[in-house]
Amino acid sequence: MPFWAAATLVSDSEAPLDFQVSLEDMVSSTGRLVEGDLSQYSAKGTPFVEGDVLFGKLRPYLAKHWLADREGTAGGDIHVYRPEADVEPRYLAYIVGSRNFVRFAEAASKGVKMPRAEWMSLREYPVTAHDLGTQRAIADYLDRETGEIDAMIAKMDELAEKLEVRRMSAMQRSTQYADDGARWNVVPTAHLFASIGSGTTPKGSGYYVESGAGVPWVTTSELRENLVTATLQDVTEEAVAAVSSLRVHPRGAIVIAMYGATIGRLGVLGTDATMNQACCAFSSPRDVDPRFFYYTLWGQRDDIIREAAGGGQPNISQGMLRRWRVPHPPVDEQRRIADHLDEVTGKIDAMLAKVAELKSLLIERRAALITDVVTGRKAVA
Amino acid sequence: MATESGRASAAARIVWDTADKFLRNVVEPQEYGDYILPFTVLRRLECLLEDTKPEVIKYVEAFSNLPPHLIDIAVRDKFKLSFYNVSPLDLATIASVDDNVDKSLLSYVAGFSQNVADIWTAFDFPKLVAKLAAANRLHAVVKHFSTLPLGSTNVEDAVMGDIFEDVMYRAFDKKGKAAGAFYTPRDAIKLMVDVLFSADEDSLAGENTLRSIYDPTAGSGGMLLVAQDALKELNPDIKVTVYGQELMDAAYALGKADLLIQGGRPDAIRQGDTLITDLYDDQTFDYVLSNPPFGGDWEVEEKSVREQAKTPGSRFSHGLPSKSDGQMLFLCHCASKLSPTGGRAAVVSNASPLFNSDAGPNSIRQWLFDQDLIDAIIALPTQMFYGTGIATYVWILDNNKPAERRGKIQLIDASGLWEPMRKPLGDKRREMSAANRAAVVEAYEAFTDSDVSRVLTPQDFMFRDVPVFKQARLAARYSEEAVDALRGRRDFGDALVQILKDLDGTPWNLIPKRLPVAAKAAGLKAPVGLVDAVMQAMAVPDETAPPAVDRKGNPVLADGWKITERVPMSEDLDEHMAREVLPFAPEARWDESKAKHGNEIPFTRIFYVPEEPRPLAEIDADVQRIMGELAEMFQGVSEE
Numbered sequence: 001m002p003f004w005a006a007a008t009l010v011s012d013s014e015a016p017l018d019f020q021v022s023l024e025d026m027v028s029s030t031g032r033l034v035e036g037d038l039s040q041y042s043a044k045g046t047p048f049v050e051g052d053v054l055f056g057k058l059r060p061y062l063a064k065h066w067l068a069d070r071e072g073t074a075g076g077d078i079h080v081y082r083p084e085a086d087v088e089p090r091y092l093a094y095i096v097g098s099r100n101f102v103r104f105a106e107a108a109s110k111g112v113k114m115p116r117a118e119w120m121s122l123r124e125y126p127v128t129a130h131d132l133g134t135q136r137a138i139a140d141y142l143d144r145e146t147g148e149i150d151a152m153i154a155k156m157d158e159l160a161e162k163l164e165v166r167r168m169s170a171m172q173r174s175t176q177y178a179d180d181g182a183r184w185n186v187v188p189t190a191h192l193f194a195s196i197g198s199g200t201t202p203k204g205s206g207y208y209v210e211s212g213a214g215v216p217w218v219t220t221s222e223l224r225e226n227l228v229t230a231t232l233q234d235v236t237e238e239a240v241a242a243v244s245s246l247r248v249h250p251r252g253a254i255v256i257a258m259y260g261a262t263i264g265r266l267g268v269l270g271t272d273a274t275m276n277q278a279c280c281a282f283s284s285p286r287d288v289d290p291r292f293f294y295y296t297l298w299g300q301r302d303d304i305i306r307e308a309a310g311g312g313q314p315n316i317s318q319g320m321l322r323r324w325r326v327p328h329p330p331v332d333e334q335r336r337i338a339d340h341l342d343e344v345t346g347k348i349d350a351m352l353a354k355v356a357e358l359k360s361l362l363i364e365r366r367a368a369l370i371t372d373v374v375t376g377r378k379a380v381a
Numbered sequence: 001m002a003t004e005s006g007r008a009s010a011a012a013r014i015v016w017d018t019a020d021k022f023l024r025n026v027v028e029p030q031e032y033g034d035y036i037l038p039f040t041v042l043r044r045l046e047c048l049l050e051d052t053k054p055e056v057i058k059y060v061e062a063f064s065n066l067p068p069h070l071i072d073i074a075v076r077d078k079f080k081l082s083f084y085n086v087s088p089l090d091l092a093t094i095a096s097v098d099d100n101v102d103k104s105l106l107s108y109v110a111g112f113s114q115n116v117a118d119i120w121t122a123f124d125f126p127k128l129v130a131k132l133a134a135a136n137r138l139h140a141v142v143k144h145f146s147t148l149p150l151g152s153t154n155v156e157d158a159v160m161g162d163i164f165e166d167v168m169y170r171a172f173d174k175k176g177k178a179a180g181a182f183y184t185p186r187d188a189i190k191l192m193v194d195v196l197f198s199a200d201e202d203s204l205a206g207e208n209t210l211r212s213i214y215d216p217t218a219g220s221g222g223m224l225l226v227a228q229d230a231l232k233e234l235n236p237d238i239k240v241t242v243y244g245q246e247l248m249d250a251a252y253a254l255g256k257a258d259l260l261i262q263g264g265r266p267d268a269i270r271q272g273d274t275l276i277t278d279l280y281d282d283q284t285f286d287y288v289l290s291n292p293p294f295g296g297d298w299e300v301e302e303k304s305v306r307e308q309a310k311t312p313g314s315r316f317s318h319g320l321p322s323k324s325d326g327q328m329l330f331l332c333h334c335a336s337k338l339s340p341t342g343g344r345a346a347v348v349s350n351a352s353p354l355f356n357s358d359a360g361p362n363s364i365r366q367w368l369f370d371q372d373l374i375d376a377i378i379a380l381p382t383q384m385f386y387g388t389g390i391a392t393y394v395w396i397l398d399n400n401k402p403a404e405r406r407g408k409i410q411l412i413d414a415s416g417l418w419e420p421m422r423k424p425l426g427d428k429r430r431e432m433s434a435a436n437r438a439a440v441v442e443a444y445e446a447f448t449d450s451d452v453s454r455v456l457t458p459q460d461f462m463f464r465d466v467p468v469f470k471q472a473r474l475a476a477r478y479s480e481e482a483v484d485a486l487r488g489r490r491d492f493g494d495a496l497v498q499i500l501k502d503l504d505g506t507p508w509n510l511i512p513k514r515l516p517v518a519a520k521a522a523g524l525k526a527p528v529g530l531v532d533a534v535m536q537a538m539a540v541p542d543e544t545a546p547p548a549v550d551r552k553g554n555p556v557l558a559d560g561w562k563i564t565e566r567v568p569m570s571e572d573l574d575e576h577m578a579r580e581v582l583p584f585a586p587e588a589r590w591d592e593s594k595a596k597h598g599n600e601i602p603f604t605r606i607f608y609v610p611e612e613p614r615p616l617a618e619i620d621a622d623v624q625r626i627m628g629e630l631a632e633m634f635q636g637v638s639e640e
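Taken in sequence, the protein lines are chains A and B. With the UniProt record's numbering, the residue at position 220 of the first sequence is 220, and numbering never jumps. With the UniProt record's numbering, the residue at position 13 of the second sequence is 13, and numbering never jumps.
Hints were generated in silico from the structure; no laboratory data involved. Just to be clear, a hint being listed does not mean it is correct.
Distance condition first, Cα-Cα at most 30 Å in a straight line; then the derived DSSO-like pairs of lysine-lysine [to be verified]:
1) B:K525 <-> B:K552
2) B:K239 <-> B:K190
3) B:K239 <-> B:K401
4) B:K525 <-> B:K513
5) B:K552 <-> B:K501
6) A:K44 <-> B:K562
7) B:K423 <-> A:K203
8) B:K103 <-> B:K143
9) A:K378 <-> A:K359
10) B:K127 <-> A:K203
11) A:K113 <-> B:K190
12) B:K303 <-> A:K113
13) B:K78 <-> B:K58
14) B:K562 <-> B:K470
15) B:K513 <-> B:K470
16) B:K562 <-> B:K552
17) A:K203 <-> B:K21
18) A:K203 <-> B:K131
19) B:K21 <-> B:K131
20) B:K53 <-> B:K143
21) B:K310 <-> B:K596
22) B:K596 <-> A:K44
23) B:K596 <-> B:K562
24) A:K113 <-> B:K323
25) A:K113 <-> B:K423
26) B:K552 <-> B:K520
27) B:K21 <-> B:K143
28) B:K552 <-> B:K594
29) A:K113 <-> B:K596
30) B:K58 <-> B:K143
Model the full assembly from the supplied sequences, consistent with the hints where possible.
Structure follows, in structure tokens:
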């Protein structure tokens, strides 16, 4: 049957009630609202009651839906669907959250830059008709099954977290202590690198070009414990020539984010590159294996950030990094430890990749199960 | 071809890199192109004129008292040159002394014939010269260009076109995506051209074939040149004449120059605002190509366009879009420029003209449907254009469709037919390869329904929105509330209460018959107003009652249930309702007289197919496998 026969689009407009839901309050692809306070607004909205299903019609591919558990008002760009008397609200919510409904809404969208799903098209979405008892059985079954899958997905997140803790602890242990348990001597980083420096954000739009067209320009968002081979934006040779603080750091330099959302995160230059003022690069190592140094900084991340937070502003500074003391075993030993850590982190990274793969499979399974059951392809016991 | 374009690209690099060297630190990098392009053109024109220049100068001197346009004709007749230069100077001479270079250069350029003089103005050449002179670089630049071998024996027209294009794109690459609006990527043009000509391949063969190609928003002339080349490839003997109009100075100069350096006519592109003045007012064309601005506001042209629209049958008389987006004006303009003996147009648009439901766009689409002008619409991949990543479409218009396509509109979904670009340019990250384009042409020629093609009729896109409601089912019930509701009426009195009690349980539809009879028997009056009020007061919904009709026999609508059903004009209304509405709402009634008519081309909707998820067993097998692998990997980790 067509969607309109299963639910009515509520088209009333009323002054907002105490409980208000806006588009930003709905979390993509989950059927949930954000945790914590929801946004408040004074504009009129669409009233909903318990059992109505809300769907974000702006950029419908975001797959935002919510089964209302109380009455309230929905803000702009939210469709409120009221189930007919013979339609189970939970069944309706599973339909609205299903991949094909979202894809249909996308295909039924209009708008050049900001597509919005059109009710006149969306109302024709084909819904498999079931009697009320079957709908309830389907909803019960899916509540149970998706609950189990969700629990498993949460386990995957926990597993990833544990693996990261393990990786961190291996790095800390190996870089701080010798095999006999003694702590290594520590020295300031300024003793270990002939060059410690940063960069800048050159002014002038002509200084920037597409990735690959100029000299790579690293920003902190690109530091993710990775090899940096290309940047989102490059700067021109002219910019490098004209702006003296825009230094080119050599391939192999270790880069740390001094502030911003990625504070303390690291990268290794896979190419000669410039960087903005929030990055600090260590190059020209003396008597130090850069890989060992990289693992050391990674292992010390929390300490570095904590030290930074002690100042007036929670920023790491170049001065602080120069003074920062790191363990300094003999260089042969450094190399041995770095080889060992390469192996350990490599194995854990491989496991983390598998965990991510597993998580996406479970998400796929959840979507496939919902589609199979609501379309009647899979019968529920 | 590959080697030729490879050579062109190498040549372009020489032109660019060396010039870049002289411009560095004097000119902003994003302006390099503004300097390099005019000098490249100047050198090419110089080379083209070199052989006959001394004779031309003598010849022209002899006619010095004649008006310039007559001299132009004389030179064309004698030397087969469509333009010329009468200055004794050339770049090499100017470069031989490092003195008064700016004055000499401007005097040299002033020696060009009238028909190409406006290029230098549009390029803003004097200002560029002054800037280079002030920075002491002009001499070096002139010297550099004076040595470039750009003559027709060294570089064929087509190769010169490639060099010019390459330099233009380098310039544009530096400028960034803001410049993207003026350039249409070649792969998009090629697709338009392939589809445009595919229907005409037979008629294009043979000797003495003449064809005209027109672009009302010619930009830098890319569409005209690609189309011309494609026609010549189909038939080397064909005679092609290109016509363009362009508004923007810089693009006009580039377009005119691009055509000139490839041996085109000097007046092939004219400068002006197509919406205000069609500079080819009395002409129509075999082929029209256009990539008009999307979402471009036409406030400047509004007064003129509204005035023009008043003339019935004129290009803008079929409806006007909102002032904020003029692309449908260009669509109408292109339709008006098709040769009455049969012309085809390819026009780029964004999604808005497909479905914008304002009165103007609606009536323009209706006109296109009624005239059967739309042959096909092709959805391109997103991220195809330099200046924008949004969804775009190519409308193929045809005023003389072949018999089998008449009354039909083909939609082709090419949105999935693309390759990623190795090096993105502005917003362009995808390109359509020759194979991708061939797939589109194949679908076009097959003209059947497939994954990427649908053949429909204009009536499929025209619809009426019909209000649908339910007929109430009512029983007559006596209640205190019903009596209270009637108490305010002058024609109601206590004497009637007993009659209402007696009517309890009577079929509601029969109240108009039974109430007056009972009233008369009791010696009371029951005027029609009272009957209606009693019916309303005693009405109670009752699923078992027959559908309710009022005193006059009209259906009574149920409260709170009303839908609007969209019914394509290609479907019979009653059949549609019987199939799409009545099975789910058996009580539904509709009122055709209240239907609102409209049209739209719901492109993406038409190509929607539900997705079949992977079988659960298959997913579960993957989950099992990865869990096993994880366990195994953990062994390796924990053994550390």
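Right, here's what the structure says about each hint:
As the CA atoms of K525 (chain B) and K552 (chain B) are separated by approximately 19 Å, the hinted pair is consistent with the 30 Å bound. For the given pair, K239 (chain B) sits about 20 Å from K190 (chain B) by alpha-carbon distance, which is consistent with the 30 Å threshold. Simply put, K239 (chain B) and K401 (chain B) have alpha-carbon atoms about 23 Å apart, close enough for the 30 Å limit, and the pair holds. Between the alpha carbons of K525 (chain B) and K513 (chain B) the distance comes to roughly 13 Å, so the proposed pair stays at or under 30 Å and holds.
Between K552 (chain B) and K501 (chain B) the alpha-carbon distance is near 24 Å, which keeps this suggested pair within the 30 Å criterion. With a CA separation close to 23 Å, the supplied pair K44 (chain A) and K562 (chain B) stays within the 30 Å bound. Between K423 (chain B) and K203 (chain A) the CA atoms are separated by roughly 25 Å; this keeps the pair inside 30 Å, and the hint holds. Restraint check for K103 (chain B) and K143 (chain B): the C-alpha separation of about 15 Å stays at or below 30 Å, so the hint holds.
Restraint check: the Cα-Cα separation between K378 (chain A) and K359 (chain A) comes to about 23 Å, which is no more than 30 Å; the hinted pair holds. Taken as a hint, the K127 (chain B) and K203 (chain A) pair is honoured in the structure, with Cα atoms around 26 Å apart against an allowance of 30 Å. With a CA separation close to 26 Å, the supplied pair K113 (chain A) and K190 (chain B) stays within the 30 Å bound. Proposed proximity of K303 (chain B) and K113 (chain A) is supported: the alpha carbons are some 29 Å apart, at most 30 Å.
Proximity of K78 (chain B) to K58 (chain B) is assessed by CA-CA distance (about 12 Å); at most 30 Å being required, the pair is judged to hold. Distance restraint check for K562 (chain B) and K470 (chain B): the Cα-Cα separation of roughly 7 Å lies within the 30 Å cut-off, and the hinted pair is therefore satisfied. Between K513 (chain B) and K470 (chain B), the direct Cα distance comes to roughly 24 Å. Compliance with the 30 Å bound is thereby established for this hinted pair. Proximity of K562 (chain B) to K552 (chain B) is assessed by CA-CA distance (about 22 Å); at most 30 Å being required, the pair is judged to hold.
A hinted pair counts as satisfied when its Cα atoms are at most 30 Å apart, and K203 (chain A) with K21 (chain B) qualifies at roughly 23 Å. A C-alpha spacing of about 23 Å is found between K203 (chain A) and K131 (chain B), which places the hinted pair at or below 30 Å, so the restraint holds. Our distance criterion of 30 Å between C-alpha atoms is met by K21 (chain B) and K131 (chain B), whose separation comes to about 16 Å. Under the criterion of a C-alpha separation no larger than 30 Å, the hint pairing K53 (chain B) with K143 (chain B) is consistent with the structure, at around 20 Å.
About 26 Å separates the Cα atoms of K310 (chain B) and K596 (chain B), which keeps this hinted pair within 30 Å; it holds. Note on K596 (chain B) and K44 (chain A): the hinted pairing holds, with a Cα-Cα distance of about 28 Å set against a maximum of 30 Å. With a C-alpha separation of about 15 Å, the suggested pair K596 (chain B) and K562 (chain B) falls inside the 30 Å cut-off, and the hint holds. About 18 Å separates the Cα atoms of K113 (chain A) and K323 (chain B), which keeps this hinted pair within 30 Å; it holds.
Annotation: proposed proximity of K113 (chain A) to K423 (chain B) holds, straight-line Cα distance about 24 Å (limit 30 Å). Annotation: proposed proximity of K552 (chain B) to K520 (chain B) holds, straight-line Cα distance about 20 Å (limit 30 Å). Distance check on the hinted pair: K21 (chain B) and K143 (chain B) sit about 13 Å apart at the alpha-carbon level, within 30 Å; holds. Proposed proximity of K552 (chain B) and K594 (chain B) is supported: the alpha carbons are some 20 Å apart, at most 30 Å.
Straight-line distance between C-alpha atoms of K113 (chain A) and K596 (chain B) comes to about 28 Å, which keeps the hinted pair within the 30 Å bound. This hinted pair checks out: K58 (chain B) and K143 (chain B) have alpha carbons roughly 27 Å apart, not beyond 30 Å.
Against the hints set out earlier in the document, no violation occurs for any number.
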